[in-house]
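Make a model of the complete structure from these sequences and hints.
Number of protein chains: 2
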Amino acid sequence: MSVDAVGTVRRGRGARKATRQTRDITMLPALKRKLPLTEPMSPEQVEKIDAASMDILETVGVVFRDPIALADWANAGAKVVGETVYLDRALVRELIATIPETFTYHARNPANNLPFGDDHAIFVPMTGAPYLRDLDDVRRNPTLDDLANFHKLSHMLPAMHSSAHHIVEPYDHPISQRHLRITYSSIKHSDKTFMGMTTSPKNAEDVLDMAAILFGAEFMETHAVVTGNCNGNSPLVWDETMLGAMRAFCRRNQPVLCSPFVLGGANTPASTAATVAQLNAEALSALAYTQVIRKGCPAIYGHYLTTVSMKSGAPMAGTPEISLMNFMIGQMARFYGVPWRTSNTLGGAKTFDAQAGYESAMTLNAVLMAGANYMWHSAGWNEAGMHCSMAKFIVDAEMCAMGYRMAQGINWDDFDAALSAIPDVGPGGHYLGHPHTLEHFQKAFFMPEMFDNNSIEQWQAEGAVEITERALIRARDMLNEYEEPKLDAGVNEELLDYIARREREIPAADALNQEY
Amino acid sequence: MSVDAVGTVRRGRGARKATRQTRDITMLPALKRKLPLTEPMSPEQVEKIDAASMDILETVGVVFRDPIALADWANAGAKVVGETVYLDRALVRELIATIPETFTYHARNPANNLPFGDDHAIFVPMTGAPYLRDLDDVRRNPTLDDLANFHKLSHMLPAMHSSAHHIVEPYDHPISQRHLRITYSSIKHSDKTFMGMTTSPKNAEDVLDMAAILFGAEFMETHAVVTGNCNGNSPLVWDETMLGAMRAFCRRNQPVLCSPFVLGGANTPASTAATVAQLNAEALSALAYTQVIRKGCPAIYGHYLTTVSMKSGAPMAGTPEISLMNFMIGQMARFYGVPWRTSNTLGGAKTFDAQAGYESAMTLNAVLMAGANYMWHSAGWNEAGMHCSMAKFIVDAEMCAMGYRMAQGINWDDFDAALSAIPDVGPGGHYLGHPHTLEHFQKAFFMPEMFDNNSIEQWQAEGAVEITERALIRARDMLNEYEEPKLDAGVNEELLDYIARREREIPAADALNQEY
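Chains A and B, in that order, give the protein sequences. All letters in the first sequence, in the order written, are residues 1 to 516 by full-length UniProt numbering. All letters in the second sequence, in the order written, are residues 1 to 516 by full-length UniProt numbering.
No wet-lab data here; the hints were simulated from the structure. Treat the hints with care, as some may be off.
The list makes no distinction among identical chains, and a pair is therefore deemed to hold if it is satisfied within one copy or across any two copies.
[To be verified] Think about it this way: if two alpha-carbon atoms lie no more than 27 Å apart in a straight line, the pair counts; the simulated BS3-like pairs of lysine-lysine are:
hint, residue 1, residue 2
1, Lys48, Lys311
2, Lys486, Lys34
3, Lys443, Lys48
4, Lys79, Lys48
5, Lys202, Lys32
6, Lys295, Lys486
7, Lys443, Lys311
8, Lys311, Lys295
9, Lys188, Lys202
10, Lys34, Lys443
11, Lys79, Lys295
12, Lys486, Lys188
Treat the numbers as computed from the prediction; the structure is a model and nothing was measured.
This is the structure in structure tokens:
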């Protein structure tokens, strides 16, 4: 707010603009990691996992519940018995060799394009929550407006590299048509990269058609503009829905996340090393299939990974074995030269409490040190993915910014200049007024805005505002300041026409969306 | 509770004993790390820090505000000008060369002895809190009974390797005599290792006399039984109180933590690398002095490390630079072959909220991956150390147990057996009933007891108990089940006699205890 000459408080566009100008919403470039990775396996142990996975593929085989895939595999020279495909290790190696190690993941704003793979990494918000905790921390079913709010925040939070897709499930629109509105919301409210729904082969085609309106079909033939996730059914099964969506993406040369869905101990052996061997076999089978569909198309080694409490059957996160398996999977993906996706900030807390904080930070550290390229579910995840928390979304994004800084490693640039301050100040002095400090303090040490480090007296004097409310105040402020990134009017109209046509064609009832 | 033949509920010793038998309070052995450490500096960069630190010691010098130390340094061949000691790098290297790389840290129960240094690591509770959040989460000044409760919990929590000393400040006893009661409480309520107060040279002598009653003076001549922390005043100052306490410990061959007290950006340059160079110079100056006092006595490279918010002046924790500096300091300590101490789970949250969880987990990860040998402040710390939270104490201890498991690395023992379950189960099956799972699930995946991973419906049906209350219920249960580890009656009497005599001799008023 500002105060005019006669002392009247003026609020409004001008005041909001003033605030806006002070908040930097420029996206951080794709992280380029400099911190060494955590690699707990020796080269021999990496080969041990590889050999175990290849044995599984050759002798146990993988079930592809999909006649097209089975025919594709037979044509590609694999042994097919019923629905089981037995994959020779030589064939697997030959196929995955054509997966690009790196590519550029394009955004509609080229300033937000992301180099992908190798030592680059990106943060992508959570998706798929059937509930949200909203701007008042109330848990309820989400709407398209809620989804738009998450897309707006994704656009404004510097450490978020994508608007993802259905961060929350918009319940106010028919399931069968939702993918259209979700995709439009991702595109419209943010000019960062986005994800494509893969809830059915037809839905995937719709997403790809909309991407083609935005980027041009020809451009997509040679450029990655939208990622699609395909989950496996562990152990060792891929189903028709996912395989159909995978084919849609691969045929248009768009990157697919090949993601076994692992509940460690329930659908894998009760062993970290053997779980990784199975998961690795599953990922390899899908990665290989992407190259059967289209040789050279981009593909991403993926997984969704929890361990299961043998007391309750509940999925667990932030546990030591999740960290260890992430480290191992990172080594396997690099061994094959394939970029990889993991899940960040998972947890099972019911509220945005200390448990949520512990779990998220443990996972964030693990996936950073594991060298993941695509850190999905990086903001908002809570309650085992059952809700996306608006407050946690904001705080997670700041934690990602801190993780980003850590992974950039040590800054040596001003080492000599900084050292020269030491004799200036001398024993017993202080650095607060030193020119080097004045010049560098803003960049030298990260100052988290969502953490309150003041004294309890000061905190109480300011109303004893808890972190959930601090984050929700921030979310409301940001949404007030939000400015939509300009979308070409012609493109916008074409997208809306497409949606209108498809909504006429698609009956307003369908199976439930399921994707993780 | 149990129900007798006529249905009457019986509570009491028998029932409590039954519960007690189900909780495993066996201390985890000192962690032996197998996970590779995070080492962001090249050998050349380590030498760059070393050279910068040595330049500081030679040309800027270190102030020792203590006539005895100044005389000792002059005798040792250092250049002394006023209170400033200029330390030649050859002298520093020669002195620190005699610090033992490893030793055994003895507990009164030999089963709780700890191998120390190298790839071993121990978790030590927080100390020094002027407030606690108690069993009802009420923030207030602590008493000796509160302190005893923390010592009891330290004794029972498997991941805690020490009862430390004044986890909280007991305000119901005169300051000048507190160190006696604190030490007695540490020794009496736990048979793990403990720490010695260093609030003055005389207080340190009292602690060492009490340790001698427990272990024998002669035993102490060749065995480490109590650690003392000595803080520096950064930049580059050591004061008389700390140096006097240091001499007391070194003379009896007990390990001293040489801990510069760093508020990054305020008492060091606004640069991570230059901050480490200064901190390293400070630590080296004190480590070298321990060997002037007594050649070959154990000593520990220490530090207390925060960064300062340049907006508010508040100390910050869980920030990326704290992690990076821990990684660097670990490399420096290993370069010199000296075991090292860091601070774990620091944070500035006012309640046990998501901020506390994030900060603690970020720091836990950093200090584990940095390879610290002595992880002080591993449980209870909150509000920048102003309070110790009973609830957080319990949860932190479980987080340490999870960090412990992670740092042990991958278990390959049953890899082949676990793999053989995969063809048994086959594509689309599940592992829950498989013999391998039944045999291994309890050890395969950590099941945190303080994290609730059930569905929200189940959580609500059970009363929607938040993590703070869950942890406090656990704390109350444990305190009910507590059994004091037997202390020899003669030793106990001798300790009480010593305290009675010293309390007659020491006036019941003194300066405030200050130690961090």
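| request: Enumerate the violated hints, using their earlier numbering and listing them in ascending order. | output: 1, 2, 5, 6 and 8
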